[in-house]
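Protein chains: 2
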Amino acid sequence: MPYPSDLEKLISYYQKLPGIGEKSAERLAFATIEFSDEEISEFSATLLNAKKNLSRCTICGNITDKEVCSICSNTTRDQNTICVIEDFKNIAAFEKSGKFMGTYHVLNGLISPVDDIGPEDINLSSLITRLSSLTNPELILALKPTIEGEATTLYIKKILENKNVTISRLAYGIPIGAEIDYLDNVTLEKALEDRKKISE
Amino acid sequence: MPYPSDLEKLISYYQKLPGIGEKSAERLAFATIEFSDEEISEFSATLLNAKKNLSRCTICGNITDKEVCSICSNTTRDQNTICVIEDFKNIAAFEKSGKFMGTYHVLNGLISPVDDIGPEDINLSSLITRLSSLTNPELILALKPTIEGEATTLYIKKILENKNVTISRLAYGIPIGAEIDYLDNVTLEKALEDRKKISE
Numbered sequence: 002m003p004y005p006s007d008l009e010k011l012i013s014y015y016q017k018l019p020g021i022g023e024k025s026a027e028r029l030a031f032a033t034i035e036f037s038d039e040e041i042s043e044f045s046a047t048l049l050n051a052k053k054n055l056s057r058c059t060i061c062g063n064i065t066d067k068e069v070c071s072i073c074s075n076t077t078r079d080q081n082t083i084c085v086i087e088d089f090k091n092i093a094a095f096e097k098s099g100k101f102m103g104t105y106h107v108l109n110g111l112i113s114p115v116d117d118i119g120p121e122d123i124n125l126s127s128l129i130t131r132l133s134s135l136t137n138p139e140l141i142l143a144l145k146p147t148i149e150g151e152a153t154t155l156y157i158k159k160i161l162e163n164k165n166v167t168i169s170r171l172a173y174g175i176p177i178g179a180e181i182d183y184l185d186n187v188t189l190e191k192a193l194e195d196r197k198k199i200s201e
Numbered sequence: 002m003p004y005p006s007d008l009e010k011l012i013s014y015y016q017k018l019p020g021i022g023e024k025s026a027e028r029l030a031f032a033t034i035e036f037s038d039e040e041i042s043e044f045s046a047t048l049l050n051a052k053k054n055l056s057r058c059t060i061c062g063n064i065t066d067k068e069v070c071s072i073c074s075n076t077t078r079d080q081n082t083i084c085v086i087e088d089f090k091n092i093a094a095f096e097k098s099g100k101f102m103g104t105y106h107v108l109n110g111l112i113s114p115v116d117d118i119g120p121e122d123i124n125l126s127s128l129i130t131r132l133s134s135l136t137n138p139e140l141i142l143a144l145k146p147t148i149e150g151e152a153t154t155l156y157i158k159k160i161l162e163n164k165n166v167t168i169s170r171l172a173y174g175i176p177i178g179a180e181i182d183y184l185d186n187v188t189l190e191k192a193l194e195d196r197k198k199i200s201e
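Keeping their order, the protein sequence lines are chains A and B.
The numbering of the first sequence is the working numbering, which starts it at 2 and goes up by one.
The numbering of the second sequence is the working numbering, which starts it at 2 and goes up by one.
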């Protein structure tokens with residue numbers, strides 16, 4: 002049945018979202034038209050506002066509604082320790098742990114020659130500028146352990162070789178709670194390689 | 002991490018939708034802010050329009066952007082054969098089969114004493130009015146085979162007892178393609194009860 006055109010349009014917009022197929026989009030649209038008038042007009046305004054007001058932090062590349070994000074502008078955070086991540090969504094995971102009191106730098110991508118993404122296509126030059134104004138900064142590379150992540154890690158290490166920057170990466174190893182039997186070979190190999198003396 | 006307030010708001014609206022949890026809502030919101038300016042403003046306008054322009058067909062209760070829906074206003078359809086359904090979403094299933102050329106009547110609910118839903122709470126009175134203007138109408142009850150569906154079916158049958166209306170219900174039986182081994186007892190019982198002579 003052809004639905005009324007406004008409903009069809011709403012369904013087609015929901016279908017543009019990731020992981021939403023035709024059936025789900027229909028379900029979302031049907032639920033949406035049950036919203037109250039106030040909810041609908043607020044939802045509609047929120048869409049416009051989110052697009053209009055959100056931009057990238059000029060320091061770290063995080064998403065923000067100001068010029069500088071809430072983390073970069075927080076003076077209690079260690080500006081000398083910078084955790085380099087692929088995507089601003091990664092920040093939530095670190096912040097939930099509550100253990101990291103430094104700042105972040107969002108690359109917004111990883112170097113990937115296969116996809117024709119070079120160092121100039123990701124948010125790297127601003128990292129270099131940022132580092133040059135700091136004294137003895139520490140860089141923690143928290144990029145995913147894939148070819149692209151490794152390539153980006155190596156590239157950053159290389160360009161900062163003669164600069165006064167301490168560079169580390171997240172530890173590889175067994176995730177807490179994992180069954181050793183079910184670990185993949187590479188993780189086990191890395192865990193062996195990076196083994197730590199217990200007496201320490 | 003507290004996201005910027007516009008993003009938080011967008012996430013909270015997506016979370017109001019059925020089947021969308023916190024993680025999914027975040028994913029949808031992140032994807033939404035990647036939409037182009039035009040897409041966002043159209044999406045936003047579509048939400049308002051869908052709410053504003055959609056209402057119930059005054060004849061059958063289907064969702065429509067006119068006073069009378071496209072099915073009721075289609076003169077090639079048999080107005081004397083009315084398929085009674087619980088929800089306007091059921092119409093799509095019938096229309097996809099392309100085999101039903103009658104019209105529909107959307108009850109918008111089923112009688113359910115447990116949930117305190119009586120005959121007056123569903124779209125029944127308009128069905129009675131509708132039937133009274135037709136000569137020898139046929140009513141096909143296509144309600145789901147649950148206690149509520151059965152209760153509604155029986156109620157409709159009872160109130161139309163002395164009226165000149167042919168009432169039928171959808172056949173119960175084995176769904177096409179099903180494995181007999183895996184059928185539940187009730188379906189098998191119904192399929193036995195409603196068995197049809199092959200010679201027919």
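Derived by calculation from the structure, the hints in this document are not laboratory data.
Be aware that one or more of the hints could be misleading.
Because identical chains share one entry, a pair is satisfied inside a single copy or across any pair of copies.
Stated by the list, open to error - Straight-line Cα separation of at most 30 Å, BS3-like style, residue types lysine-lysine; simulated pairs:
id	residue 1	residue 2
1	K97	K24
2	K53	K10
3	K17	K197
4	K17	K191
5	K100	K159
6	K24	K198
7	K97	K145
8	K197	K164
9	K159	K67
10	K24	K10
11	K24	K197
12	K24	K90
13	K164	K53
14	K17	K159
15	K198	K17
16	K17	K158
17	K159	K145
18	K17	K53
19	K24	K100
20	K90	K17
21	K10	K158
22	K10	K198
Verification of the hints:
Taking identical chains as interchangeable, the C-alpha atoms of K97 and K24 lie at most 30 Å apart only when they sit on different chains, with a minimum of 14 Å there against 34 Å within one chain. Taking the closest pair of Cα atoms, K53 and K10 come within 30 Å of each other both inside a single copy (22 Å) and across two copies (14 Å). Taking identical chains as interchangeable, the C-alpha atoms of K17 and K197 are never at most 30 Å apart, the minima being 47 Å within one chain and 47 Å between chains. Taking identical chains as interchangeable, the C-alpha atoms of K17 and K191 are never at most 30 Å apart, the minima being 39 Å within one chain and 43 Å between chains.
In this assembly of identical chains, the alpha carbons of K100 and K159 lie at most 30 Å apart only when taken from the same copy (28 Å versus 68 Å across copies). Taking the closest pair of Cα atoms, K24 and K198 never come within 30 Å of each other, the shortest separation being 54 Å inside a single copy and 38 Å across copies. Taking the closest pair of Cα atoms, K97 and K145 come within 30 Å of each other only inside a single copy of the chain (18 Å); across copies the shortest separation is 45 Å, beyond that limit. Proximity of K197 to K164 under the C-alpha cut-off of 30 Å is restricted to the intra-copy arrangement: shortest distance 29 Å within a copy versus 86 Å between copies.
Taking the shortest alpha-carbon separations for K159 and K67, neither the intra-copy value of 33 Å nor the inter-copy value of 66 Å comes in at or below 30 Å. When the C-alpha separation of K24 and K10 is checked against a cutoff of 30 Å, the pair qualifies both within a copy, at 14 Å, and between copies, at 25 Å. For a Cα distance limit of 30 Å, the shortest separation of K24 from K197 qualifies neither inside one copy, at 51 Å, nor across copies, at 35 Å. For the homomeric pair K24 and K90, the shortest alpha-carbon distances inside one copy (27 Å) and between copies (11 Å) are both at most 30 Å.
For the identical chains of this complex, K164 and K53 are neighbours neither inside a copy (39 Å) nor across copies (61 Å), given an alpha-carbon limit of 30 Å. Taking identical chains as interchangeable, the C-alpha atoms of K17 and K159 are never at most 30 Å apart, the minima being 40 Å within one chain and 47 Å between chains. For the identical chains of this complex, K198 and K17 are neighbours neither inside a copy (51 Å) nor across copies (50 Å), given an alpha-carbon limit of 30 Å. With identical chains, the CA atoms of K17 and K158 are never at most 30 Å apart, being 38 Å at best within one copy and 45 Å at best between copies.
In the homo-oligomer, the alpha carbons of K159 and K145 lie at most 30 Å apart inside one protomer (18 Å), although the nearest pairing across protomers, at 67 Å, exceeds that limit. Proximity of K17 and K53 under a CA criterion of 30 Å is satisfied in both settings, with 20 Å inside one chain copy and 22 Å between copies. For the homomeric pair K24 and K100, the shortest alpha-carbon distance between copies (22 Å) is at most 30 Å, but the shortest distance inside one copy (41 Å) is not. Taking the shortest Cα distances, K90 and K17 sit within 30 Å of each other both inside one copy (20 Å) and across copies (21 Å).
In the homo-oligomer, the alpha carbons of K10 and K158 never lie at most 30 Å apart, since the shortest distance is 49 Å inside one protomer and 39 Å across protomers. Neither within a single protomer nor between protomers do K10 and K198 lie at most 30 Å apart by alpha-carbon distance, with minima of 61 Å and 48 Å respectively.
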